[in-house]
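Given chain A's structure and the hints, the job is docking chain B onto it.
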Amino acid sequence: MKLLSGADLSRYERKKRRSRLWGLAVVVSLIAAWIVGLNLAQADLMPAVREAMPQAERFEKATSDVYEAYAGEDLVGYVALGEASGYGGPLTAAVGVSPAGTIEKVVLADHRETPAWIREVRDAEYLDSLSGKKYSESFQVGEDLDGVTGATMSSRGIAQAALNGSRKAAQVMGLPVQTPPAPRIEFGVPEAALLLLFGIGYLAQQRKFKYKKTARWVSLLGGLLVLGFLYNKPLTLAYINQFLIGFWPQWQTHLYWYLLIGGIIFVFTIEDQNPYCQWFCPFGAAQEVMGAVGGARVYSPRQFRTFLESLQRVLAWAAVVLALVLRNPGLSSFEIFGTLFSLTGSGFQFILLGLILVASMFIKRPWCTYLCPLDPVVDFIKLTKDWIEDLWQTKIKTSEGK
Amino acid sequence: MADKDQNLRRKIVPYILLALAVISTILILLDVIANLGQL
Chain A
1 MKLLSGADLS
11 RYERKKRRSR
21 LWGLAVVVSL
31 IAAWIVGLNL
41 AQADLMPAVR
51 EAMPQAERFE
61 KATSDVYEAY
71 AGEDLVGYVA
81 LGEASGYGGP
91 LTAAVGVSPA
101 GTIEKVVLAD
111 HRETPAWIRE
121 VRDAEYLDSL
131 SGKKYSESFQ
141 VGEDLDGVTG
151 ATMSSRGIAQ
161 AALNGSRKAA
171 QVMGLPVQTP
181 PAPRIEFGVP
191 EAALLLLFGI
201 GYLAQQRKFK
211 YKKTARWVSL
221 LGGLLVLGFL
231 YNKPLTLAYI
241 NQFLIGFWPQ
251 WQTHLYWYLL
261 IGGIIFVFTI
271 EDQNPYCQWF
281 CPFGAAQEVM
291 GAVGGARVYS
301 PRQFRTFLES
311 LQRVLAWAAV
321 VLALVLRNPG
331 LSSFEIFGTL
341 FSLTGSGFQF
351 ILLGLILVAS
361 MFIKRPWCTY
371 LCPLDPVVDF
381 IKLTKDWIED
391 LWQTKIKTSE
401 GK
Chain B
403 MADKDQNLRR
413 KIVPYILLAL
423 AVISTILILL
433 DVIANLGQL
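Residue numbers (this note's numbering), protein chains in the order written: chain A, 1 to 402; chain B, 403 to 441.
Take the hints with a grain of salt, since some may be wrong.
Claimed, not checked - Result set (SDA-like, lysine to any residue): computed pairs, CA atoms no more than 20 Å apart in a straight line:
id	chain 1	residue 1	chain 2	residue 2
1	B	Lys-406	A	Arg-58
2	B	Lys-413	A	Ser-300
3	B	Lys-413	A	Phe-304
4	A	Lys-364	B	Arg-412
5	B	Lys-413	A	Asp-44
6	A	Lys-397	B	Ile-414
7	B	Lys-406	A	Pro-301
8	B	Lys-413	A	Phe-307
9	A	Lys-395	B	Val-424
10	B	Lys-406	A	Arg-297
11	A	Lys-364	B	Lys-406
12	A	Lys-364	B	Val-424
13	A	Lys-61	A	Val-36
14	A	Lys-364	B	Val-415
These are computed hints drawn from the structure, not numbers from a lab. Quantities reported herein were computed from a predicted structural model and do not represent experimental measurements.
The following block holds chain A by itself, in its conformation from the complex (with noise of 0.2 Å):
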């Protein structure tokens, strides 16, 4: 191990100390968007209750989210509002309920939706699909409904703020309601593929182990297959926002969401390695199969490594910052993941992506270098880490001093 000189070690000291209290200065203007986000004013769901009962004339709340739908003095339904987890966060659904118990007609009021996905939602007719249904039904997607291409999560999420919101109305109505049963564990081969590859990284972490170059070789093929084109389920900056932010989900919907993210803390407390980004982060993946066809290299321009690292840097913060302050994940997450692996995007997202992959064939992964805001995520992970170490050692001195 090389020995730091005086000099050495103290500007390493300094640039540690600048670091801590760069890293301070985050966590201050994250609490603080978290404090302005969460006094912003809620959505106002009325235009969607209207929306989702067209013929009625006057609404009347029945209960704190059912509202009675009249045309005239007839009562033609009823409004309920409906809550469930998406992919960014909760969502809330207005459905038109006839007196009956059948939906006539679901309005998406507040979502924290991919705005792409979500055009997907309304492109496909997805709404219109939950027409028809009854409280009573089942409305498991892939099963009882056709779910949306590239929008999984936010198509099963609508789905069941549909369903609560029907149940609501029926429970007003007077209607029998079954007390829904518990949410089915969902366990498929996404998760089953996240345990997998944590398991080959772990595996090939190991000093004995030979085949380290395979292994990730393997690992990052299965990642960009299995994660990315089959399931389009990269980590993305949305899942670090949902988390900060307080939307955690079902455990038993959202089980990838808890393996991925519980699986990268708990390697990273344990191994001090992120195991994700050089082991199977899907888009790394890519960019390394088109820099193996163009045989990139690694380039560190030294003249402009600052203002690099820092532009890194600055996007992210701002990214996290808008999500707190707007209480809306998916909105500044601006990977250009879902572009790649569904073909969902804004032009914007289409010309930056044919950008990173052509600029991979001569630069070895220049997202993940020069763009991907998780890389800074990691960084100030390590950097609480460390910092958590060190004050942790003090004490341990301290107290044997005494």
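Relative to chain A, chain B alone:
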């Protein structure tokens, strides 16, 4: 000749990277602004 190529590459690549990062950032900002506009 190879040295000349190497030198040229060493001079140009940082600027290409800088341009890539700046253009990408602009595209990202435009996309986020467009998303905000849809709220």
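Structure versus earlier hints - violations, ascending order: 1, 5, 6, 9, 11, 13
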